[in-house]
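Starting from the given sequences, assemble the full structure and let the hints guide the process.
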Amino acid sequence: MTYSQFFQKATGYPPYPYQERLANEAWPEVLRVPTGAGKTAAVILSWLYRREVLKQGPTRLIFCLPMRVLVRQTIENARQWCEKLGLGERYSVFEMMGGRLEEAWELNPTASCILVGTQDMLLSRALNRGYAMSRYRWSVPFGLLHNDAQWVFDEVQIMGVARSTSVQLQAFREQESVYGECRSLWMSATLQQDWLATVDRSAPTGLHDLSPSDLAYPALNKRMRASKSLRKSALELTKENKKDYPRQLAELALRNHTGQSISLIIVNQVDRAIETYRALKKLTKDRAGSPELILLHSRFRPEDRAKKETLLEQAQKALPNDGVILVSTQVVEAGVDLSSRYLITELCPYSSFVQRLGRCNRDGSEVQGGQVEWVDLKDSALPYNVDQLERCRQMLARLSDVCPAALREIGGFDDESESDIVLRHKDLTELFETTSDLAGEDVDVSRYIREPSLHDAQVFWRACLSETWRTDEGLPRREELCSVSLSEFKAFIGPERPAYRWNYGEEIWEGVDRQKVRPGQVYLLKSSAGGYDADLGFGREHKSAVRVIGEAEKSRKYDDDRLGARELTLEQHTLDVFQEMQFLLERLELKELPIKLLLESCLWHDYGKAHDVFQGTMYGLPNPDAPKPLPLLGKSGQKGTHHYRRGFRHEFASALAALQKGADPLIVFLAAVHHGKIRFSVRPLPQEQRKSDTPDALTIRGIRTGDKLPGVKFGELEIEETILDLDVLSLGHPRGWVRTLWSLVASYGVFRLGFLESLMRCADVVASKKEGERLEVAGL
Amino acid sequence: MSEIVLNGCRVKPLAAYLKALGIFRIVARQLDEAATLCWRDEVAVLSTSLTGDQLVDWFLEDYRPTPITSPWNGRSGYFPSGKSAKKALDQIDADTSSRFEPYRKTMSECRAALSKLGLTAKPDADSTKPKLMRTLRATLTVPEALEWLDAACVLRDEDRLEMVPLLGTGGNDGSLDFSSNYAQNLVNLLLCPPKRRPAVKALLRQAFFDEPCCGLENTAIGQYAPGSAGGPNTTSGFDGSPNVNPWDFVLALEGSLAFSAAATRRLGDDSQGFSLPFTVDPSMGGHSAVASDEADKARCEMWLPTWAAPICLLELRAVFAEGRAQVGGRQAASGVDFARAVASLGVERGFDGFERYTFLVRNGKSYFASPAGRYRIRPGGDRRAVDLLTELDPWMRNSRRKAESHGGAAIRMLFRRYDDAVLELCRKSGASGLLPILRTLGAIQRQLAQMPKLHHKNQPETYVRPIPQLSSEWWPASTDCSELRLAMGLRGLKQVRQFVFPIARNDWRDESRDAIWTKGRLTTNLTGLLKRRFIFQPQDQGENLTRFALQQWRFRSLTDWAVLPEDISLFLYGKLDDALLEEYFMALLLVELPGPRQVSNHHGVALLPVDYGKLKVAHAAFDPRDPSSPEESDWVCPRTVIERLSAGQQDALQECDRFLTGKGRPPKQRGGLGCLDPPRLAASLAFPIGQSFFKALVKNLFPKLEKEENSDVH
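As you go down the protein sequences, you meet chains A and B in turn. Residue numbers for the first sequence follow our numbering, so the first one is 1 and each next one is one higher. Residue numbers for the second sequence follow our numbering, so the first one is 781 and each next one is one higher.
In case anyone wonders, no lab produced these hints; they're calculated from the structure. Wrong hints could be hidden among the right ones.
Said to hold, decoys possible - Listed below are several chain B residues computed to face chain A (Cβ distance under 8 Å; list not exhaustive): (1) Thr-915; (2) Val-922; (3) Ala-1089; (4) Ile-1091; (5) Leu-1094; (6) Arg-1104; (7) Glu-1128; (8) Gly-1133; (9) Gly-1210.
Since the structure is predicted, the reported quantities are computational estimates derived from the model, not experimental observations. Note that CB positions come from ideal geometry on N, CA and C, so glycine has one too.
Take a look at the structure:
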């Protein structure tokens, strides 16, 4: 099948020439195509074509977007295309955004898949500090996102600091090397190559742009030549008119609005959008012939937002007699398919401005052309800065007709990103250690993901009436979530209006202080706290109780620690994991994998379960000294039992034994990390020492010097009895823990090591799942 | 591998410690990845493939200096104000050897960053400096240059820089710019004319091996070696100039980079203070020579570890990045915390001790790292006493700062004494160290009780809770101190706490009229206690608390109190230190009562004054013939006896005699006070005594009675 056929089958249209080139030539690093010219289809379909027809290209396509709206649209399209191509079963599309995290792909490192998500969710995972997930699983997506994957960063112009982070990560992958390919593609209508130059990587050379043959296409041509006139408005936002400004803006819009058309007002702050909307409502109240009013910003729950978008869609299809005025924010800059006749926008950075222009006479269908009027800001530049606005002001002075073709010729898209926070290699290496620091805090990676002024959190409301709600309430569904700016949210919460965060470790909703609120996280609010209005969105001033739309849905999660609802011998489980790893390795077409060591690691990984403490728990023996029956069990079928030594970790015993027996350092590492709870720094739990039965014996994660692991034989591996010795944790031990593991990082690099870790954990979890299913079928 | 004992690198002063790390870092990075370092008898020992002599030659010929340069400082050589630094940088620029290649590269990148930001003078601390730091961190390509940046300061968020105290305020201290000095010393040592080279070598040998040499220089060493920094009384004249080996400075600064590793580890929490490895808030305890105003200006404390097993650079980086010092499940925040972490093994395994340094303002506005003692790790030591301190942590966290800032100098002094006591406990370990801590706590509680302005719960900024009750594990073990035994006896009195402090249910009750304890004499307080207990009307049980005061053992499972007849005797004759007794009592009030103890002996009852026996028995509240009988309500000596005695009226004794006689128990001899002080005699009645003690008293007082009883039994 040719690409053209493939494309047409998926979309119903033939591809533009540039789209065809993308499928048949090596992928560039930069794709510069105006909005509406089909970038998303170009990329996704060409990847699918390469995988499916040409049998090449990396396993995972990671589509990273700056905004949640874009994610939804991209997902819908991608799923539709897969469906139409009949590939729906073999190619899964996963959604990765706050409140809607699909995690099945993490268990299947060999399956082709498309991950579409926000920069927050994807980059936090790429930095080994995944937002909204259990800290113990951080390294699983980390390994998969950096090996055998193609990253695509879309709408780069609004990604802010994430742009340099994405380039740096690419640079480090190239320095350290990874398994398979892992490359990046940056796309935007206004992207300049030199935006992508960082201290560790020079600007990419390959640029894919529209060619004259693309421009000759009538549909594309009409878009590129769609005329729109630009003028500066007499209205300005100053210190003096701050209060009255929304009304003045509303009046201006009403004056210029003509019936049977859409007018669009874009302001830079949600507050101003709401005030303008209110002013418009007041001005048009009881006035015949008033246009329909719609407010759209990012602080809505999906349900209410969808209502507004439907209104807008309907209005576009069949315009009401008096037309529509839409009041909005940056949220329409990208991804909202909308074309207005008249556009008022506040001054903003030039690349954003160009995006906004795209929302006026988008397809060139306005006969007299579109009208754009911009409002100068003399008072507050937030969320942008004064320099960015000044640069834009100067550019605008040179423009009159702003059709896309004219803008292309003029160029002038300077790097307006203000961010100079750059991820360095030593930072990344430090992030590989996921043990929380001694204050129990984790490194906050948000500085590498988004500008602080743009930090967002997700909130949702629940009634929380029952006494046990803190453990009963499940995680939210997407429909419940409303995104709020971090600063607004911090101002909202207080003693009367507490916010709660899900503690993945303790499985409980715990109250959070204002200072501890982090970007990208999901917070629960009590519905009685108020804070939301269906028409206006999130706002501190809304006092009445918020309608709860979520059911108490039990949290969706897998905990690899608790899997195994049936009794199973240790040997059987070990061999199951071994087999699963074999199965994985057969299907992975990656070179240089340390296959032998990976398989051997499977045989070692649960050896620590032979420890008396673990066997005592498996057999339900309350007395530590009771003789342990045989066979050694790997799973007990009992849930929620506690070891008689607090904090006992079998994987630590496995790793210690492997280290003492001189196994390869990789085996020690993989055995240690296979639950994500034991890593480089191993220290006793805070209370472990004091509460143990013999407080004088040094106990670390339930292990003491002198503890015995019996000899075992798992497949080809025969291990003699091991007497565990915590001495290897001491500094300066010739085969010391710290020395062994950090040397391993130095020789493999964090990306490769992370990938091997992901494989180990996938094999373990999948094998356990299959065991469960198998035994269930057998009726055991 | 050869073992090189670096006699010039010891744990003291700080410069020498850092020098060891510096040499180790350079060798492991540039020469021999497998090199290791350990400490033997407080001296650094390096293991590497070269011999000591070869190492010296390698340093002279091949060592590539880390590009330590601070373009954010005015005198760094990048701006007009730092002429000597500029000269040094120019000389490095003009050099063509490969050893300075990274340095030159970094300098040109720094210049590029400055010109990008249009900076021609020292950047403004609040606005342009963070911006410059961010730009440098985003553009410097030499990894070591980045390490220097992270060692000197940390960017917490957009515009907040945190300076790392080990490197002053961003690589300078006052007008001394470390990087400028470093560059000048490098030029002096490595770009010198050939004829100076033997001298440079001799200096290096001195720096490494402490071999004598001449030619130490008048150059600044900053805070790292106070003893070499010059100043009054440093030499035979009145004032000496600095006497510094330039290598010491260069290598110490190289060593400071060992602390740079973990800049990103602690960016998590913006609500708390910023924490760095081995660096904590200063605790002024344990310094005998620090005045409290100096204490206020101290910058921080650093606790620098030593270890006996050779470790490689990877390990050093990992443990220095973490800087583990845990106490009660959290990271140590102050010097006292750190000492506790060391004593309770909350530090990395493998360290054998820590050298404590406090950065104090001395010598004008300059800082000096003063050594403040060595803390050894005793793996087999008794940690339980130190662990008990965690009971106080919540209170200390909530209240200490408020008490110190609103409670005045006296409280601050007491807290300092508390810190001293804790540090002493941590150094010596063992339960006997708890008592001095308890004493300061008792004094603090007493002080707090007298400050009603700190008692208002509705004013959270100044509200200080009473110190909570500590577990009975704090109770002192056996003692040979009379004062302590008497205090323990007093503490055993039922409900005694409320008569001393206006405290109930762990909160202040300033309106309480029971708390009669004043700042006055102990005897007055004790008789006051007895008098108050006479009229005390308990709400729940109709008991007369005076009885408890007199005959504690009857009403508790405790068979005996530690009080011995000789203690009473010493007290009666005024031979004890009343203030100490009172201090112990205050301390023990904080502790829960322990379970029953062994009976103590009652030798020496016969030597007690008869009057004491009479009074004690008269107030016994039951018939001494049969101590196990239920108490008789009429066996209560009139309270006027105690009242009159405490007023100094000797005839109260006759009233007591009359009472006993009226009860059919005439005492064997009439009283005569002799040299006893009546109020003291009254006060002595407050100490509860044990059963055997009491029986002996009765026997002594009514010998006949005892005989009758015995004949009854037989």
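Outcome of the hint check:
1. Thr-915: Interface hint status for B/Thr-915: holds (5 Å vs cutoff 8 Å).
2. Val-922: 11 Å, violated
3. Ala-1089: 3 Å, holds
4. Ile-1091: 5 Å, holds
5. Leu-1094: Holds: closest Cβ of chain A sits about 5 Å from B/Leu-1094, inside 8 Å.
6. Arg-1104: At 6 Å from the nearest chain A Cβ, B/Arg-1104 passes the 8 Å test, so the hint holds.
7. Glu-1128: Holds, about 6 Å.
8. Gly-1133: Constraint on B/Gly-1133 not satisfied, violated at 13 Å.
9. Gly-1210: Hint violated; B/Gly-1210 Cβ to chain A Cβ min 15 Å, cut 8 Å.
Consistency note: the structure conflicts with the earlier hints numbered 2, 8, 9.
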